[in-house]
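Novice: Sequence:
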Amino acid sequence: MSMYLCCFRHLCGESPQSHIPIKISPSIVLDTGYIGHEVVIVKNGMRICGTGAALGNTPILQNKAYFEVKLQQTGIWGVGISTRNANLNKVPLGDDNQSWVLCSDNSIRHNSEEKHKISVTPQEGDVIGVTFDHVELNFFINGKSTHTPVTGFKGTIYPVLFVDDGAVLDAVFDNFSYGPPPGYDGIMIEKSLLEND
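Under this note's numbering, the residues of the sequence shown are numbered 1069 to 1265, in order.
Everything labelled a hint here was simulated from the structure, so no lab data went into it.
One thing to keep in mind: the hints can contain errors.
[What the hints assert, rightly or not] 20 Å max Cα-Cα, derived SDA-like pairs, lysine to any residue:
| # | residue 1 | residue 2 |
| --- | --- | --- |
| 1 | K1183 | T1219 |
| 2 | K1111 | V1097 |
| 3 | K1138 | I1096 |
| 4 | K1111 | T1219 |
Just so you know, these numbers come straight off a predicted model, no measurement behind them.
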């Protein structure tokens, strides 16, 4: 042990024998292991810029999950859910059967089909809410439902964000601006996943 560390511990009232390891619970962030090649993740894993998509670092396993995305800068972007099999280098997502996304052109896409078109165009500073209960995916703009449910999911699902053409998005997995609708909660990391760490 270095003399400086020893002195620091002594000044803080810590004896060398009182060092106890602390396990910090992991937080939900954008997963740098599942991003497009030209994606940049900053702000402690919460902001996506560049070109491509990023998944959240934990699957949505609970019955009723909610997360938000703040539109920091417009461009080409999308928000929704995806499996890990989606091509995270190809934007926009929603052109395959692995992703379900609300895109910057106001369309909700899956498998190259436009499932819905929302009537409100999100602007810089707006917050997009996403609810998912394994039966329906729904979107909210600044706390108001778009009334555009999407169904038909298969596989293990993750939050997904994509950007291009200068768009910047912030993922929000807690401390929500608008909060989940009744019965929904922020995405939880399952206890079994923690035990595998």
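Novice: If any of the earlier hints don't hold here, list their numbers in rising order.
Specialist: Checked against the structure, the only hint that fails is number 4, while the rest are satisfied.
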